[in-house]
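J.: Next come the chains, spelled out residue by residue.
2 protein chains.
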Amino acid sequence: MTTGSTIDREIEARLGSAGVRYTRARRAVVGALARADGPRSASELHEDMDQGVPLSSLYRSLSVLDDAGVLEPHNSLKGLTRYELAEWLAGHHHHLVCLICGTVEDIELSAEMESRLEKVVETVTKQLSFDATGHTLEVHGRCARCV
Amino acid sequence: MTTGSTIDREIEARLGSAGVRYTRARRAVVGALARADGPRSASELHEDMDQGVPLSSLYRSLSVLDDAGVLEPHNSLKGLTRYELAEWLAGHHHHLVCLICGTVEDIELSAEMESRLEKVVETVTKQLSFDATGHTLEVHGRCARCV
DNA sequence: TTCCTTGCAAACGATTTGCATTGGA
DNA sequence: TCCAATGCAAATCGTTTGCAAGGAA
Numbered sequence: 470m471t472t473g474s475t476i477d478r479e480i481e482a483r484l485g486s487a488g489v490r491y492t493r494a495r496r497a498v499v500g501a502l503a504r505a506d507g508p509r510s511a512s513e514l515h516e517d518m519d520q521g522v523p524l525s526s527l528y529r530s531l532s533v534l535d536d537a538g539v540l541e542p543h544n545s546l547k548g549l550t551r552y553e554l555a556e557w558l559a560g561h562h563h564h565l566v567c568l569i570c571g572t573v574e575d576i577e578l579s580a581e582m583e584s585r586l587e588k589v590v591e592t593v594t595k596q597l598s599f600d601a602t603g604h605t606l607e608v609h610g611r612c613a614r615c616v
Numbered sequence: 470m471t472t473g474s475t476i477d478r479e480i481e482a483r484l485g486s487a488g489v490r491y492t493r494a495r496r497a498v499v500g501a502l503a504r505a506d507g508p509r510s511a512s513e514l515h516e517d518m519d520q521g522v523p524l525s526s527l528y529r530s531l532s533v534l535d536d537a538g539v540l541e542p543h544n545s546l547k548g549l550t551r552y553e554l555a556e557w558l559a560g561h562h563h564h565l566v567c568l569i570c571g572t573v574e575d576i577e578l579s580a581e582m583e584s585r586l587e588k589v590v591e592t593v594t595k596q597l598s599f600d601a602t603g604h605t606l607e608v609h610g611r612c613a614r615c616v
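From first to last, the protein sequence lines stand for chains A and B.
According to the working numbering, the stretch in the first sequence is residues 470 to 616, in order.
According to the working numbering, the stretch in the second sequence is residues 470 to 616, in order.
The set of hints was computed from the structure by calculation and includes no laboratory data.
Being a predicted model, the structure only gives us computed values, none of them experimental.
Heads up, a few of these hints could be off.
Copies of the same chain look alike in the list, so a pair counts if it works inside one copy or between any two.
[Said to hold, decoys possible] Below, a list of computed lysine to aspartate or glutamate pairs in the EDC-like style, where the Cα atoms sit at most 20 Å apart:
no.	residue 1	residue 2
1	K588	D600
2	K595	E583
3	K547	E607
4	K588	E577
5	K547	D536
6	K595	E574
7	K595	D575
8	K595	E541
9	K588	D477
10	K547	E591
11	K588	D517
12	K595	E577
Work out the full structure: start from the sequences and follow the hints.
T.: Okay, here's the thing in structure tokens:
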């Protein structure tokens, strides 16, 4: 299935210059993540994409896509790693982390709020010996399902 | 050693009302975390506290302290869980996350910056079906050692 | 005595890897 | 053709747990 959406073409280019192919399995992973509303773990993706892709291959796909900068890993409850499309594909966003069930939901801030936040980050990091390249605001609490 | 610092006494009370003891092993964990400048994993603590305590006991100590609300788990690179003293003991702070080596360093914001940040969080969460109880700003980049 | 704790080893779940096979440019 | 990609099974790694022995109240 080569829908050739914008995202698909960007990823194809990125992988191409990394010397790896954009195979069916990898497209399926990207598709599932594009459809998701938050980070997904290997086993969650495994269910989402019912097909016969074995877990080990899924892990390999995730690893390749991660190395190529297509994905961003998100470390989740109990030693689980969840992935989402990297910011250059999915846009900059923040996280609502449910302390009960561990799910993470993406949120985007209004331009106004985002710019205020960036101002804070900038001011804070200016005087540190730390080369800041990005930020995420993690809001903790209970999600709608866990109230 | 029963130094009986303020923190120790507060924890002792907390554990007491949870029906568990504040044993030597647990004191050692708290001590190591109090000395650390960021979250520590079980195996990191195992090295820090060089002697005798087997990993499984260390995990159990972490679990008990976590359940009692003394620690706060922090999900780190590659399915590792790192712990730090809970905010009511260590104070509210944020994180500098090194994308290269995965270490996390705590930072405190000035009152000015913290209040600006809180304003943003408040504004954002007000209109969500998410019961927000806290927040952490995660600044990503390269730490001094990984530049 | 009565629970809480600890040690040790086995068990577990998530992730990785070796190897032989398949697939795509 | 030639090297990347895949499946499968076995191996790793962080973490958990069952069970018997060791404290503390």
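J.: If you check each hint against the structure, which ones fail?
T.: Failing hints, ascending: 8, 9, 10, 11.
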